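Student: Chains as they are written, first to last, in the working numbering: chain S, 10 to 351; chain U, 629 to 890; chain P, -10 to 280.
Everything labelled a hint here was simulated from the structure, so no lab data went into it.
Nothing here was measured: the structure is a model prediction, and the numbers come from that model.
Be careful, since some hints might not be right.
[Said to hold, decoys possible] Which residues of chain U face chain S? A partial, calculated answer using Cβ under 7 Å:
#1 Thr681
#2 Asp732
#3 Gly737
#4 Ile750
#5 Lys754
Ideal Cβ placement from N, Cα and C applies to all residues, glycine included.
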Amino acid sequence: MTSWLKKIQQSPRLQFILFGVLLSSMAILPLLGVVRSSTMSIYAYIIIYTVVALGLNLLLGFSGLISLGTAGFMGAGALGIGVFMNMGLPFELAVVLTLLVSAMIGAFIGLFSLRVNSIYLAIATLFVGEILRQIYSQVAIFGGEGINIGPVRFFGLIELNRSLRPERSLIFLILVIVLVVMMIVAYNIVKSSTGRALMAMSRSENAAQAMGVSILKYRLTAFITATLFATIGGILYGIYFQDAPTRQWDLNLSLFLIAMVVVGGIKSFFGMFLGVFIVHGLSDLFLKDWLGDVSFIFSGVLIIVVILFYPYGTVHIWVDFKRFLKYIKSKIDKRKGVTPRG
Amino acid sequence: MANQTLLKIEDVTMRFGGLIAVNKLSFDIKEKEIVGLIGPNGAGKTTVFNCITQFYKDYEGKILFKSTDGYTDLKEKKITEIIDQGIVRTFQNVELVKDLSVLDNVLIGAHNQFKSQIFSHILRTKKAKIEEETLRKKAMAVLEFMDIAHLKDLYVGVQPYGIQKKIEIARTLMSNPKLIILDEPAAGLNDSETDELEALIYKIKDKYNAAILLIEHDMGFVMNICERVCAINFGKFIAMDSPKKIQKHKEVQEAYLGKDDA
Amino acid sequence: MTSFIRIFFNSLQTGSVIALAALGIVLIFRTSRTTNFAQGSIGTLNAYVAAMLYSSWGLNIWLVAFLSILTAFITGIVIDTFIIRPAARVSPISKQIITLGIILIIVGMLPYLFGIDPMTFPRFIRTGGIPIAGATLTYNTILTVSVSLILMLLIFWFIQYTKWGLAIRVTASDEQTSKLMGVPTKTVTMFSWATAAILGTLAALIVAPTAGVNINMLLDVQVSAFFAGVLGGFQTFYGAVIGAYLIAFARNYTIFYISDTWGNVFVYLAILFFLYFKPYGLFGKKPTKKV
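Excised from the complex, chain S in its bound form (with noise of 0.2 Å):
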């Protein structure tokens, strides 16, 4: 039993599959009728965003550069499977194909990033992230106000319609199941010379050169991984809700994201689900209900205190706990070892 512990204890890989079991009792919990339907939709919409914060984080965290352009790329994701299977592509080959499209927008910025710096690169992706809003809007093929994706068909072989209730419970399943891999993915990209390359290079540039890392080729791959989770995050959007709307992936979206990384804690895998925890769920799950309008303001004020007080991000408050717990058991040692004498 220990021993078993331990195993989890010591593999974050473990970590995120067991957090992976946990998270789909929300599919099930809805069909037993524990919780309502609209929690589950709560849970896919914390799911997508937590795809899409592990690539910001390795983008703003490991790499040290910025994007406020993410929302774009959402956008890229969900309207690109909307498009490539509305003109009759199967669902795997719509992904591939979007897939390729927001790489290639990545490897853009990617570039580009080579010539710019800070502010002005932050600025330089909000441009992207700008025009490609336009884009949404204006062209036709993107129907005005959005796609409707409908049922999709996974391998040609099973189709999953989102307004029957066990089907959409078996495709929030597929969303748990994306975001178990894409927590390793990171995972892994970061613990390889690639994610000690992007931390050399986002601390020193010249370090990093001098010890052969290729700043182009990891300017590239930062974008371009960031690029990808986002453009993933959007997939999943489109195909847990099966609509892919055009209006709303905007600069203020692209600024949540960032929020949800640094509230959560950069640089920590789990933080990014404590982030969008906190910054979306929480407004979602209890703060309309209990509050009202007044969440927005709630919200607000929690990411500024949250910065204030955890400028490391709120996972560092697991530390503090274990840190507390620790002191309370040090004092009832005290009190045990001080008692037989009294």
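Let chain S serve as the given structure and place chains U and P on it in line with the hints.
Tutor: Okay, now just chains U and P, sitting in the frame of chain S:
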């Protein structure tokens, strides 16, 4: 067999606008030799380093480095390919990744030996795992050689300055270097740390068979450790000789103490 | 020709609006080292104040303008004192996200303070203008453009030639050293936020008659202001202002003469292209880096 010339600097001039930082400088370094580059502040020492490691590419003259077949003109190599030639350097202000462990920082020094790419990393292919394992062992060996193996899992950022300098040197050893360039290795170290560094540099030379080129303001250190010393001032070559002779060299003394007008 | 001139007058006004917002953003970027995404929201908040004072309280429009500038000044100081200053030590990215928090708070407060119905705000001068080549240069445009220009010139003069302006410039170039040299950097940042809030509010009051007073009234202006910042460069205070007018003219003309659906995209792509060759904007220089 006598040691051959490893690095040849021939008539190198580097200008920044109107300012000539390095002026027709020539000197060379032999294999397994410890050479000091000295000169007053602003003499152009770091600029020389930056030219050798190709941070600056628009210098005039030639910098040649011994390879398996003759000499390579370093200018033909990209900045990231310099480490493949066997040249590796440290920096004046220690440039490590503060939020990575000591071991991971040292592994960055072996970046050019990782052949597996991002896809094998994501899938954790057997080849990628073996590669990581092998280089990790190599890094551990380097850490043990440097006497800092016990710190391997700790963050670099929390280490004292002296240890950080050691980690940066450890990182250079990962790349099987033929020439290690140290930019002010003793700066900021106390006396006992400086003595330790001296011993360490001898140890490195013996074990890794590498030549060492260093800039240092601590003259005692330079004179103790170097086999030859090259003195420059205002980017110009003054003299290159054994430490003893350099100390007595009139122009070198003038460069440091000023001309005696009396 | 008529439409060319009409667009020219329009662009003068849009340019002024973007310039006001952009100058605020640059001011804060230089003194507080953060990208202020809340610039638009702060302006919007005070535009609501103005709309309420005008329609519900029935105050004179000039008095309303004055009062809303006063509230803007207070908003800026409150935000700096209670949010930005305590965050002095957080990372630049976190600081930007704090400004997102400010947006959320303002957006959340608006319905409670002013109700959920959209509001309106009239032009300062309702009618009249000078006919030029078939187009009309309205008195209102003359007023808004000249007020904006005079205000911005005043700010430049202030920054360049007064003791406090010097304090702003040295704080912008190196806050730590300035503090050690006895420059009251706290006051400088506070007044930067107050000034930026006023500039944002003026921009809001100028667009209010056409855009209406609502949560999204400055969305487009704010994004354009960021673009103006990179086009002109963040290293100077005037660069962004010139960038703003350039963007306004380029956008309005391309939208009219080339394509109304693709005009924006063309201009954005052109600026990106330009930025590739001048990565620090029209008036910016590459900072020197030491190895």
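Student: Look at each hint and say if it fits the structure.
Tutor: Hint-by-hint comparison with the structure:
no.	hint	verdict
1	Thr681	6 Å, holds
2	Asp732	6 Å, holds
3	Gly737	6 Å, holds
4	Ile750	5 Å, holds
5	Lys754	14 Å, violated
Of the numbered hints stated above, the single one contradicted by the structure is hint 5.
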